[in-house]
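Colleague: Generate the whole structure from the sequences, applying the supplied hints.
According to my numbering, the residues represented by the sequence shown are 1 to 403, in order.
Just so you know, the hints here were simulated from the structure itself, not pulled from any lab data.
Be aware that a few hints might be false.
Said to hold, decoys possible - DSBU-like, lysine-lysine: derived pairs with alpha carbons at most 35 Å apart:
(1) K183 to K76
(2) K194 to K118
(3) K334 to K217
(4) K177 to K66
(5) K264 to K38
(6) K215 to K183
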Amino acid sequence: MISTQNIHIQEYDYNLPEERIAKFPLTPRDSSKLLVRKNNEISETTFDRISEYIPEDSLLVFNNTKVIQARMIFQKGTGARIEVFCLDPVDPADYAQSFIQRETCVWSCLIGNVKRWKSGKLYKKLSEENTWCSVERLESSGETHRIRFEWNDPDMSFADILDQYGELPIPPYLNRKTEESDKETYQTIYSRIKGSVAAPTAGLHFTEAVFQSLKEKNILFQELTLHVGAGTFKPVKSETLAEHEMHTECISIGRETIEKLLQKEGKVIAVGTTSVRTLESLYYIGAFLEDYPNASMEELCVYQWTPYSENKKQLEGVKALRNILNYMDINNLKVLTTHTQILIAPGYNFKIVNGIVTNFHQPKSTLLLLISAFVGGDWEGIYDYALNHNFRFLSYGDSSLLL
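Modeller: Printed below as a string of structure tokens:
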């Protein structure tokens, strides 16, 4: 763990000109450029030809999370605008349950212009029929605040409130306001499970035509869920990794996905870093169950430094996955739901993932560290190629296939 903790984030900086950040996606989605790195060699093509580069009989794993319209604007009597940005449900803590709540729920939120909101409730008028939604600060912890939402229309769920009166939160580095088109373009075509505040952007390039070409090569698909938190945009500000705290995110994996991972060992390609983090977290969940087969769901959380613990026993990936299936059988679970804080950085040994589809990430980010770990440290060669060959960067930019 010592070597990974001592990584200097300055070594993962690069010059990203503002004009290389894609402000909008290309149309159609699959017309974007694709960098392919295989056997340490780099080539380029377009995304609509990705099936030509993915080995036959592979398993592609997608994150099916859906971005919610997490940003709500309230106005004080003084005219001050207060932004409430929903992060995670607190009461009820389950995402699905929170979205169907009527009249009240509690979320962990970020607050914009927080200094102007000392106390009391803020109200937002929802319609001409005197319906309203209010927010009340309950307690604070660092940058996050527990906020109670209340509304007086019993026919509206909290999902309805966000869908109708919330705003889609596009990445801050786009330096523009959310547009109506983002509601479609900032979602993958397979997004289903509401809960993210940022899109799993590697998936934005996939179209029905691409899926059809992959099926023709006998490539299988499976889904999992990681609800992407705002921490995904948080750059590493400390000098070394030791002082950086990873954000915690909710993950859900169905039994069928774990069974397919066992069948396709050595052929698993993760679409996006969120899928990578979820799949690699499975290994450490299974390793924990090796010693604690009767653990509670809460105890299965994967922590930031878990992979680097010196006393961590080595377990085959297949055995770890079988431990999870056994746990699910004993507890009659169809879906495993827990949290991960996993940090994947140079020094990490991949246990499940054999390939990654991913976009190009911000300088000095944990996502760039993950890519460096996967390609054996040669991230600079990949990013130099992308910069020199007119690739577009970040969420709405081009992508890469790393094998």
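Colleague: Take the hints in turn and mark each one as holding or not.
Modeller: Tested hints:
Distance restraint check for K183 and K76: the Cα-Cα separation of roughly 28 Å lies within the 35 Å cut-off, and the hinted pair is therefore satisfied. Of the supplied pair hints, the one linking K194 and K118 holds, its CA atoms being roughly 31 Å apart against a limit of 35 Å. A hinted pair counts as satisfied when its Cα atoms are at most 35 Å apart, and K334 with K217 qualifies at roughly 29 Å. Restraint check: the Cα-Cα separation between K177 and K66 comes to about 20 Å, which is no more than 35 Å; the hinted pair holds.
The hinted pair formed by K264 and K38 meets the criterion: a straight-line CA distance of about 19 Å does not exceed 35 Å. Pair hint K215 plus K183 holds up; C-alpha atoms about 28 Å apart against a cutoff of 35 Å.
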